[in-house]
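Colleague: Quick note, the sequences are listed as chains P and W, same order.
So that you can map any letter, position 42 of the first sequence is 42 in our numbering, and since no number is skipped, the others follow by simple counting.
Adding 1000 to a residue's 1-based position in the second sequence gives its number in our numbering.
There could be a bad hint or two in this list.
Derived DSS-like pairs (lysine-lysine); straight-line CA-CA distance at most 30 Å [what the hints assert, rightly or not]:
no.: 1; chain 1: W; residue 1: K1175; chain 2: W; residue 2: K1165
no.: 2; chain 1: W; residue 1: K1422; chain 2: W; residue 2: K1312
no.: 3; chain 1: W; residue 1: K1025; chain 2: W; residue 2: K1312
no.: 4; chain 1: W; residue 1: K1165; chain 2: W; residue 2: K1025
no.: 5; chain 1: W; residue 1: K1010; chain 2: P; residue 2: K44
no.: 6; chain 1: W; residue 1: K1422; chain 2: P; residue 2: K222
Here chain W is said to cover these stretches of chain P; the calculated rule only asks that three of the stretch's residues, wherever they fall, bring their Cβ under 8 Å from a Cβ of chain W [claimed, not checked]:
no.: 7; segment: 46-56
no.: 8; segment: 113-123
Don't read these hints as lab results, they were simulated from the structure.
As the structure is a computational prediction, the values presented were derived from the model and not from experiment.
Heads up, the beta-carbon is just placed ideally off N, CA and C, and yes, glycines get one too.
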Amino acid sequence: MSADHVMGVDLGSTTAKTVILDADGRPVATSVLRMGAVSRVGVKASMDRALADAGLDADAIGRMVSTGYGRRLIADADRSFTEITCHARGAATLWPGVRLVIDIGGQDSKAIAVDENGFVDRFAMNDRCASGTGRFFEVLARALEVDLEAIGGLALEGSDAVAVSSMCATFAETEVISLLAQGAAIADIAASVHRAVAARTVGLVAQVGPREPVVMTGGVAKNAALVRFLSEALRLEVAVPDEPQISGAYGAALLALDDLRGVRVPPTVGEALPMAP
Amino acid sequence: MSLDVVSKPKPNRLQSTRAAGAMVKEYWDRLFTAPDRGAQVVWYNGSALNPIFQAAGIEWCHGEAFSARLAAQHLEGPAQLAGEEYGYVGELCSYARTHLGCAVLTQRGKESEQSGVVGMVDQEVLASKLPSPDFFVNAYAGCSTGQQWDEISFRVFGKDVPLFKVSLPMLWAAKPDAGYLRGREWDNASRYVARQLHDLIGFLEQMTGRPFDWDKLRESMGYIKRAAELRREGMELCKGAPTPATYWDWIASIAPINFLPGDQALVDYFQGVRDEIAQRLQDGTAALPGERYRLYFDGIMNWNRLGWLANKFAEHDAAVVVGRYTHNAFWQEPHLIDPDDPILGMAQHYLLCPTNHGSHVLEELMLRDCADYGVDGAVFHATRTCRAFANPQHVLATAAQRELGIQTMFFEGDVADDSYYKDEVLESRLEAMLEAIDVRRMAA
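Chain W on its own, in the form it takes in the complex (with noise of 0.2 Å):
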């Protein structure tokens, strides 16, 4: 008696993403060098506010997707650290921390200025290297502490620097004819939004000094939509078992639909993930051979372990096929841009974060989307810094349970912050749910 080794299945990733890393990387380093060029540099969190910037003419830095960078490529203790020596407790969602860091670091400028336990220099290049910010602009959904963000970021940089708010009501569908995309409130809060970001480009063209480019909108606004259009048909593919992409897959391509600048080369990625996806299907070819589970995630990601969790999943052959972070967000209603008066689209996408609605909207979106990728089962990933996704995540299981009769599970993790993570805590508990899956379907 004695245990096989047996070879551990790994996903079979879609190579057209591959393409992601490099148009993310092109981004930032030209970011890096915006001073070098006389570019202003516009800080932002929360809504992917730059089609705006781009029209506008400012190179824009987000602060969470800097975050998930550095913890992508392991690279956040030093921000880390130094948002720690600077006032701002583990407690404190990590990317905030981890941005913040960045701008303490930004702050500070030369490495000989520097002091205290942040001096891990090879590491701390990347964390140090944003440009410092002409202005500030803070447009985050759901959840207080984005809010607040870039006010605390103002106030490391000494309140000098100017700041605009963009303010983004939580849409409860409370009311009887509320809920998704419909209702009163909904029609306001699209209006509201849209008002502002008419503020907001008058504030960008003080800031500039320069007419707003409103064509130029219209033209990124155009790719985006294409962009976006490209990406939820390529979701549409995977709706079958065995699965041609993953959640992993959409993993990859959130920084290219949430921050980068639109254009054909946006179009061009996602016609390539589309494509692929389109072609596997059409050669039976699996993004994890073998698959017996489909299952749905909940919670923002784990950037420390992309991978890990990719080949974790996939070693127990269970295809992570939709999540709320992925499915839920990044311009995933593109039916709402007009690209000939596109600000109301646009303030309706900045309203539709996944964590910007009622309970009940948020069971509705994921109740939907077990059903229509075929879900055994839902994982929820704690996320512990960030409040704003884990704070439904107990009345979402429950509702999958009762609703739907699946599996649930939880285990803890962050979005940047490591030390969160217990493997041997996801590892039993996926295993426990995978044999829950298993005894019914034998019942069954």
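Looking at chain P on its own, in the form it has when it is part of the complex (with noise of 0.2 Å):
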């Protein structure tokens, strides 16, 4: 079997995403699996299942990039890259034309603005905690005793009535704990948190400017709530692909393409990345 394909995987916080391109370029395979932190079982797992599904062997592999938080613990991996570099790459690749990608993931968040060649033009990242990511809403879940994935449709039910200011997990937990202590609905309770975390995104797009089109990548951008506040506090549309947890995954992948194919095109729009050492 001809080593023609490539493969890109996203070793992120709680989840591991593995994109197989075929030669063209198109998506054979993608998988998306929940683990423990940065889990190399989980990695292994994840890029099994992706094989699996693509009916090939690792033999078929030709190259592999890796990325996210534990890309260096990916060992097969020829080269790794940022999330920063290949969320950017995924996202202009899924959406043509996009000038910002927020992407929310696990543990961190992401605002990255991207020039008219769909190069990295600026990028912020959250600060020191878990403020704004799917951390923090996997705890508010907790706290109100709701499943995670139901949370941003509880949110849409909320109204305005109650406001929680703090975006340390931790200390927002203490605040919905006294929330519900006090009566307050728990659906605005949930908006409330949202509408927060938007406010807290849009001070990480200030940093690197407002621009548009927008495009949310990461397991945050499932939750239609917060997209919905997002772009309300932003004034602006915000689109999110269809599988928006692989745009990095996906991005890595391009990478490993360009670098297989020895085309020298910018990196995302055209142009390879240097892939040598």
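Both chains come to you apart, so use the hints to assemble them.
Modeller: Structure representation (structure tokens):
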């Protein structure tokens, strides 16, 4: 079997994502697997699943690029790139013409400004803590005793009757508990927390400068309430790809394909990053 | 398919700066024994007033410098705990918190009188070694904490120790004629501070009971001017690529220029640094073999991580070549110093603290330095407890991107509190910035 496929692997804080592309750059398999923190077992399972779905052996993978928190743990990767580069590359290909990528994952959030050529122009990341990330919503769901997947729907039903100000996951949980003790409706609390996260994200966007079109990636992009509140706060339409979680892995796979082809084209709209040492 | 394991590049640090370690140690050891010699001791913060103290025959203790020394030796913990136990919260400037902790420990005196959680005697020894002050002098520019710091120390010592304050106005440079080293604001502020330095000298004459030795001041300022000229010459030699010395070498040379005595030894030190750089240029020796990126560093130093940061940037082939803290501070404009009449030039340098400018002057200086040194990207060390330094950083980053089209990145850390530093944050952001620089180069 010829090694004419490429693999991009995004080993994040809570999920492992794998994308396999064929020699023409068409996705043949994707895998998103929830796991423990930067789990080697989890990432192997994600890679194995993607290979199985594609009906391929590992020998069919001619190049592999890793990204995410655990990118350096993937021994088989030919090269690793940061999430910034990979998300920009993935999003710019998924959504041609995008100028601002907002990626909110399990443990961090990023605003990536992309120039007219699809290059990373500026970026900003959340500082120090899990404020406004997937982990933050997990804490909220636990405090409200609702499923994580249901938290967005709940927020859309809520009003702005209450306010949560803290963006520290621990202190926000304390605030939420306090509001519950005062008898506040859980939908209102959920809405308040989502609005606070949206406001926080606007601050992140301000660091790189607002621009459009805006695409949101990462697991939190599946939260319809946050997307809506963020769109309202930014006063911009926020688009979400069909599979927002795989943007980083897709970008990594595209970089691997560049390397496999030996084509010197811009990284986000054609030219390869320097793949040599 | 597997990653190659390669040895990580290390910075080729200047050998001449090693002398600074011995000189600084000797300075502190001498200070610790000041009471045994019957010498008077002044505690001060902020501006480099040491030539005035030297001429007055007083031994001087620079609070920030001692905090930085403790942090660089990873011995800051006991002092910070003592400060927190006394009531200073972790959000307070960690320089101030550490030094105030030292004040608490000094004031407590003997170890047997100590109590609470501050009981790590083996580490505490250095933190509690400072001799008690005979008086305080405060001359802090551009930082509200700094301006109150010695007043708090004054209270720690029971308000029994005299305190003299020099007021250093902020240089906003907001008027049409104003700018770096120019305009009415600059002239007025320079004269205003110079007048206060004369008052300070009067205060010192009162404290010592001796007439001030003006000849001694002229002599020491002559040495400092020459040392500062040599330092600037060395910096100028680093504008080409690959650089023969880095920001980290200039960091290693801060203590000598900031608070060591103005004497021939100081001149000899900077002559050695300058000559080694010149020799490297002649020999084609790089400070970072394989230099691929040239970076600007904005932010006060993270003293807990000095070697760590130097190595980290080197591992990425990134030569940090210039920075606000090193290149825009510490007698950086020696032409202003007239050794025959040094007070005005000293006052001007005290105003030229890199936290004491309005943002457009800071922009002007940063853009100038980035262009002069051929910088590819700017790293902003967002010091968590040093807001004075961190305040204008987003403005500066925006200016660097807008005017020079260079990449920028931020990472969190602190001057003397390691708990604010997160290695993965720096690692990811640095890699991302270098990748973006690569992309631009490919596109070009």
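Colleague: Check the structure against each numbered hint from earlier and tell me which ones fail, lowest number first.
Modeller: 5 and 7
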